[in-house]
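Asker: Sequence:
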Amino acid sequence: MSEGPSGPIELRLESLGRTLAALDAAVRGHASRLESLEQAAGRLDGYSSEQAGVLAELLPRVDQLAAAVEVPGDGLGSKAVESAPVVWALLSAEDAWTAWNALSGWVETVAVPTLAPTARQIPPCWPMHVWGRETLSWLHQTHVQAYGAHGSAAQAAEWHTRWVAQAYSAIDARGAAPGGYCDTAGHHSERVERSEPLRTEDWSPWLVRARDCDVERRRAEPPGGGR
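In this note's numbering, the protein residues as written are 1020 to 1246.
Bear in mind the hints are in silico, worked out from the structure with no lab data behind them. The C-beta atom is built at its ideal place from N, Cα and C for all residues, glycine as well. Honestly, I wouldn't trust all of these hints.
[Stated by the list, open to error] So the derived label-pair ranges between C-beta atoms look like this: (1) Gly1205 to Ala1173: 15 to 25 angstroms; (2) Pro1242 to Tyr1200: 14 to 24 angstroms; (3) Ser1171 to Pro1197: 17 to 27 angstroms; (4) Gln1185 to Leu1109: 17 to 27 angstroms; (5) Gly1167 to Glu1209: 51 to 61 angstroms; (6) Ala1184 to Gly1243: 12 to 22 angstroms; (7) Thr1137 to His1169: 31 to 41 angstroms; (8) Ser1055 to Ala1173: 56 to 66 angstroms; (9) Glu1057 to Ala1173: 53 to 63 angstroms.
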């Protein structure tokens, strides 16, 4: 009669064996899935490395595009308005001082070295006259537009072939300095007579004089009557 009590134990052992077998199969299944996950992770890692390389190539281009559309707060204004013409009639004394110096720097470092004008094409006394200041001012701004962030080779070519010629014509026009000759007393220049190259030392003293007088006048009589 000893078999009676052993029957349930054997059944429990058999059930436990089946449970262990199921657990073992489950563990093997998890191991297989884990291996698959590891393989997938490896493929993702390789994909990420490849994408990182692509991103490394694209990021500089993105930075360039961002720089082209950003609006910096520098002295020239934003990229969108850096080629805006200077409205001299409305400038305050401080803004006029800045505009004169910007124009002077551009004429000295860009216009004269690039164009190599003669004193007949741009008379040394140009800063003393509205026609000289206005003409070289818009020539300056069209140059900034052509060679700025939004410029193009076509605009640069147009600057040289169209706007430079227009500026020379404006200076040569009646009421300005036909043939390079200014009829204002005291403005005679031997370099104009000899059609010699324009030098910074020829026009710079005139610019300092014109700038200082202009700024002083604006301080005494602010544009628009403001104080």
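Asker: Confirm or reject each hint.
Answerer: Okay, the hints, checked on the actual structure:
1. Gly1205 to Ala1173: 15 to 25 angstroms: 43 angstroms, violated
2. Pro1242 to Tyr1200: 14 to 24 angstroms: Distance hint for Pro1242, Tyr1200 is violated at roughly 32 angstroms.
3. Ser1171 to Pro1197: 17 to 27 angstroms: Because 34 angstroms falls outside the window, the suggested range is violated.
4. Gln1185 to Leu1109: 17 to 27 angstroms: The hint (17 to 27 angstroms, Cβ to Cβ) holds, given that Gln1185 and Leu1109 are roughly 24 angstroms apart.
5. Gly1167 to Glu1209: 51 to 61 angstroms: Violated, since Gly1167 and Glu1209 (Cβ atoms, about 38 angstroms apart) do not stay within the stated range.
6. Ala1184 to Gly1243: 12 to 22 angstroms: Violated: the Cβ-Cβ distance is about 35 angstroms, outside 12 to 22 angstroms.
7. Thr1137 to His1169: 31 to 41 angstroms: Given a distance of about 32 angstroms, which is inside 31 to 41 angstroms, the answer is holds.
8. Ser1055 to Ala1173: 56 to 66 angstroms: For Ala1173 against Ser1055, whose Cβ atoms are near 58 angstroms apart, the range 56 to 66 angstroms holds.
9. Glu1057 to Ala1173: 53 to 63 angstroms: Hint holds: Cβ distance 57 angstroms, inside 53 to 63 angstroms.
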